[in-house]
Amino acid sequence: MSIDLSQFKQTFLEESEEGLEVLESGLLALDSGTADDDVIHAVFRAAHSIKGGSGTFGLNEISDFTHIMETLLDEMRDGRREVSQKLINVLLGSVDVLRAMLDAARDESDIDVAQVEKAKAQLAAELNSDNSEAETVATQQEKKVVTEIDNDKIGWKIVFTPFEDMLKTGNDPLRMLTELSYLGKYEVVVDDSKLPEFYALDPECSYLSWSIYLYGEIEKEEIEEIFEWVDGECDLSIQKLSEVLPTDNADLHLKQANIHQQEQAASTTVSKVPEDNPVSITPTKRNKNKGTSDPVIANVQATVDKKTEKVKEQTKPVVNKRKSADSSSSIRVGTDKVDSLINMVGELVITQSMLSQLGEDFDETSLEKLRDGLAQLERNTRELQESVMRIRMLPISFAFQRFPRVVHDLSQKMGKKIELRLSGETTELDKTVLEKINDPLVHLIRNSLDHGIELPAERIRANKPEIGIIHLNAYHMGGNIVIKINDDGAGLNRDKLLQKAISKGLVDANDNLTDEAIYELIFHPGFSTAETLSDVSGRGVGMDVVRRNIRELGGNIDVKTEIGKGTEFTIRLPLTLAILDGQLIRLGKEIFIIPLVSIIESLPINLQYVNSIAGFSEVYQLRDEYIPLIRLSSILNIPSEFTRLDEGLLVVVEADGNKAGLFVDDLLSQQQVVIKSLESNYKRVEGISGATILGDGTVALILDVSGLVDLVRDKKQLSSVVGL
Amino acid sequence: MNAEMVDAEALKQEQINIKVKNPASNQYLSFILNNEEYAVDILRVQEIKGWDRATIIPNAPEYVKGVINLRGTIVPVVDLRCLFSLEKTQYTATTVVIVMNIEGEQSDRIMGIVVDAVSEVYSVDANAIRSAPDLHGNDTMAFVKGLANVGQSMLIILDVDKILNSNELAQEN
Chain B
1 MSIDLSQFKQ TFLEESEEGL EVLESGLLAL DSGTADDDVI HAVFRAAHSI
51 KGGSGTFGLN EISDFTHIME TLLDEMRDGR REVSQKLINV LLGSVDVLRA
101 MLDAARDESD IDVAQVEKAK AQLAAELNSD NSEAETVATQ QEKKVVTEID
151 NDKIGWKIVF TPFEDMLKTG NDPLRMLTEL SYLGKYEVVV DDSKLPEFYA
201 LDPECSYLSW SIYLYGEIEK EEIEEIFEWV DGECDLSIQK LSEVLPTDNA
251 DLHLKQANIH QQEQAASTTV SKVPEDNPVS ITPTKRNKNK GTSDPVIANV
301 QATVDKKTEK VKEQTKPVVN KRKSADSSSS IRVGTDKVDS LINMVGELVI
351 TQSMLSQLGE DFDETSLEKL RDGLAQLERN TRELQESVMR IRMLPISFAF
401 QRFPRVVHDL SQKMGKKIEL RLSGETTELD KTVLEKINDP LVHLIRNSLD
451 HGIELPAERI RANKPEIGII HLNAYHMGGN IVIKINDDGA GLNRDKLLQK
501 AISKGLVDAN DNLTDEAIYE LIFHPGFSTA ETLSDVSGRG VGMDVVRRNI
551 RELGGNIDVK TEIGKGTEFT IRLPLTLAIL DGQLIRLGKE IFIIPLVSII
601 ESLPINLQYV NSIAGFSEVY QLRDEYIPLI RLSSILNIPS EFTRLDEGLL
651 VVVEADGNKA GLFVDDLLSQ QQVVIKSLES NYKRVEGISG ATILGDGTVA
701 LILDVSGLVD LVRDKKQLSS VVGL
Chain H
725 MNAEMVDAEA LKQEQINIKV KNPASNQYLS FILNNEEYAV DILRVQEIKG
775 WDRATIIPNA PEYVKGVINL RGTIVPVVDL RCLFSLEKTQ YTATTVVIVM
825 NIEGEQSDRI MGIVVDAVSE VYSVDANAIR SAPDLHGNDT MAFVKGLANV
875 GQSMLIILDV DKILNSNELA QEN
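For the protein sequence lines, the chains are B and H, in the order given.
Residue numbering for the first sequence follows the numbering used here, beginning at 1 and increasing consecutively.
Residue numbering for the second sequence follows the numbering used here, beginning at 725 and increasing consecutively.
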């Protein structure tokens, strides 16, 4: 029997993903000099658990790699290494490599070995670097090694006897041995007395036990930590060398000759181990016997050499057999949310049993009870629905947290000084929306960086502060989430845009375009104003994709700009894709739904407050302001019951900060509706955001208030053109 | 075992027989439109349901009758008479909606077509389908995949993907 580890692998990968984010944000915090000990500790822990986990799942390349990072971080944690810009950059780079490796592990594709080696070499160089403090550490260590050789008595004797089935739990004795080798100089004696005859050998069983002599001033906890993974799966004794009988020591020298041979035996027994792993022990040991530099570096170098050889040997091209990312996505949900769900289900069950009991012997006297029960049922359902929805809601910081890194990297690359301000990170939105909004946001930020913010010198010339500011803000407004990306850069150049559009034949030189129409051009496919192409942006694929992605989510994006002052992109997204509170209205025979959040008030129309402008636009005087009066029936082309304004009702709504009055036949009930897509089987309809199914099974359409206002504008323009 | 189940059993047997008899032929569901017999690939047909009032879509072309609720899915319904510019009639008891899977460029969709009545299921050999003659000035011909003879009458086989992805029904990118 063997345990299927693959089921945990997904969890590990997800956790690693989170770990990487901790690493990244921590490193960036270190970068800006705001780090305290907690941050460094968190970063270290993240690296440590990735290392541990990857080892367990046999992802040795990842654990090897993380180990080097961990060593560096450990030195930083202990204050032995100073935090430098270069070091942070190297570490950030290795986070990327690590992420690529983990992705490769998820997709079961090949790791980009060359890239990994490059990053490893960089890390090793960092470890070796002549950081004054690090140097003293290294010399200290060297000295230590020397003293250790002089005095073999300082250290530990570890007897490690794995139980036969240890391999089946996914633990690998070799890993422990390798880990031990990082602690200091050590010697291993293997006891193969339990090894059965070859034909009786079960490759999944562990028959060997080891006596390890570890020299140096090492804390017992450090050793115990290594064996923490196999607690309860092995017999382990850790003794001070000084307490061990001297004969034992003599024994050692006799046995030493066998070690090499036995290690080979071990590697055959431990069937699942990739072949290059045992080797990494041997050179390490040799190096240490010579008393040379830091053990870890030696190990790295050895592995590097080995790997480069491997790369050279690899004649077949690296086929990237990346599977489509169909791995089922999952959400981490706080236990409190789950608990409240369970509570609500409990209440629902109680209500249900109450109702069914009521149904057993029903007479007219229990009508009141029935009504109560139904009200309770309604409340239960609503609460249940709300908490299920809450599970899907995630704070937008999940998307935002990537941007400090993007800004950090790009601004360095382009020699710009940029401060990224984030606000409204706790704004929650639906997971699906969140996932899909990420790429467009990255794109917009890159654009702001590349095209928006000027180089420091230019900024000073323009009398602006040297450091450019990109402000990312998210908030709720009405039924929408609004995300604003604001920069104080150069702004869009109207004339340049126009020229470009004319030269590309997108518009005619004689067209009389409004400023808005010209700025809209940036969303046109194949349009880029960057003079030279950079790898940041400027290839002209982008803004059109950004807009398309946002529209797919039922949102919209627009741009405001002022030359020399900056640019602002505003993205509006629906709060959730699933449910809204709606006001049912009637128009002739049709029922429509207006999202409750966009309704300000509803009132009967007093004809004396209705005025018309230019003959056909009607406005309504609502207390001290005038609002446009929109006849829904004419906009939607649906016959209504009433045409006289005083017969119907006016629903005052707010869209994009502007008020408007919708003239409808009647108001019906208010209820929560489940939003269904109209686009999935039909297409987008102007002024309609979706559809829902009413209690009687018929379909009702949900009005998109801001879309309606646009529709009115379009129709007016059209009719004025026709009028001319 | 009740009668219905016997029927179902028999029908299944019949289908199997047809398959065995004509391995190379396809089955088509035929329907009546203005006394002409049209047919669509039966594998595309998801279900047939009686006509019920649909919810009007604002500013939609006239042939889009609206959307209906198909067990929680919003399905647009197209009046084929109207789309083919045939004479309008009152919907009767035999008027049905044939709900079909439509393959589009970006994604597959579910749509319904309103027809006068459903008729038969025919097995038509692929070789027996003749291409339609070029009748100039008739837009509907673009939607015809081919013509086939069944017994005494002619069957007009339609390309549903073409019909329901054309003009205003086309998907946006």
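It is worth saying that the hints were derived from the structure and are not from the lab.
It is possible that some hints are incorrect.
[Claimed, not checked] Here are the computed lysine-lysine pairs in the DSS-like style, where the Cα-Cα straight-line distance is at most 27 Å:
{"no.": "1", "chain 1": "B", "residue 1": "431", "chain 2": "B", "residue 2": "413"}
{"no.": "2", "chain 1": "B", "residue 1": "417", "chain 2": "B", "residue 2": "484"}
{"no.": "3", "chain 1": "B", "residue 1": "464", "chain 2": "H", "residue 2": "773"}
{"no.": "4", "chain 1": "B", "residue 1": "659", "chain 2": "B", "residue 2": "560"}
{"no.": "5", "chain 1": "B", "residue 1": "118", "chain 2": "B", "residue 2": "86"}
{"no.": "6", "chain 1": "B", "residue 1": "413", "chain 2": "B", "residue 2": "464"}
{"no.": "7", "chain 1": "B", "residue 1": "436", "chain 2": "B", "residue 2": "9"}
{"no.": "8", "chain 1": "B", "residue 1": "484", "chain 2": "B", "residue 2": "413"}
{"no.": "9", "chain 1": "B", "residue 1": "168", "chain 2": "H", "residue 2": "869"}
{"no.": "10", "chain 1": "H", "residue 1": "869", "chain 2": "H", "residue 2": "886"}
{"no.": "11", "chain 1": "B", "residue 1": "337", "chain 2": "B", "residue 2": "464"}
{"no.": "12", "chain 1": "H", "residue 1": "886", "chain 2": "H", "residue 2": "773"}
{"no.": "13", "chain 1": "B", "residue 1": "464", "chain 2": "B", "residue 2": "589"}
{"no.": "14", "chain 1": "B", "residue 1": "683", "chain 2": "H", "residue 2": "886"}
{"no.": "15", "chain 1": "B", "residue 1": "589", "chain 2": "H", "residue 2": "869"}
{"no.": "16", "chain 1": "B", "residue 1": "413", "chain 2": "B", "residue 2": "337"}
{"no.": "17", "chain 1": "B", "residue 1": "589", "chain 2": "H", "residue 2": "886"}
{"no.": "18", "chain 1": "B", "residue 1": "431", "chain 2": "B", "residue 2": "683"}
{"no.": "19", "chain 1": "B", "residue 1": "676", "chain 2": "H", "residue 2": "812"}
{"no.": "20", "chain 1": "H", "residue 1": "773", "chain 2": "B", "residue 2": "676"}
{"no.": "21", "chain 1": "H", "residue 1": "886", "chain 2": "B", "residue 2": "500"}
Bear in mind that the values here come from a model prediction, so they are computed numbers and not experimental data.
Against the structure, the hints:
1. B:431 with B:413: Since the Cα atoms of residue 431 of chain B and residue 413 of chain B sit roughly 32 Å apart, the hinted pair is violated (cutoff 27 Å).
2. B:417 with B:484: holds, 21 Å
3. B:464 with H:773: Violated: residue 464 of chain B and residue 773 of chain H sit about 68 Å apart, past 27 Å.
4. B:659 with B:560: holds, 21 Å
5. B:118 with B:86: holds, 16 Å
6. B:413 with B:464: Satisfied, since the Cα-Cα distance of roughly 21 Å is no more than 27 Å.
7. B:436 with B:9: holds, 25 Å
8. B:484 with B:413: Roughly 25 Å between the alpha carbons, so the hint for residue 484 of chain B and residue 413 of chain B holds.
9. B:168 with H:869: violated, 61 Å
10. H:869 with H:886: holds, 9 Å
11. B:337 with B:464: Violated: residue 337 of chain B and residue 464 of chain B sit about 48 Å apart, past 27 Å.
12. H:886 with H:773: holds, 22 Å
13. B:464 with B:589: Violated, at about 60 Å.
14. B:683 with H:886: Holds, because 16 Å separates the two Cα atoms, which is no more than 27 Å.
15. B:589 with H:869: violated, 39 Å
16. B:413 with B:337: violated, 43 Å
17. B:589 with H:886: violated, 33 Å
18. B:431 with B:683: Holds. Residue 431 of chain B to residue 683 of chain B sits at ~23 Å (cutoff 27 Å).
19. B:676 with H:812: Given pair residue 676 of chain B, residue 812 of chain H is violated - Cα atoms ~31 Å apart, limit 27 Å.
20. H:773 with B:676: Holds, at about 21 Å.
21. H:886 with B:500: This hinted pair is violated, its Cα atoms lying about 38 Å apart.
Checked against the numbered hints listed earlier, the structure breaks hints 1, 3, 9, 11, 13, 15, 16, 17, 19, 21; every other hint is satisfied.
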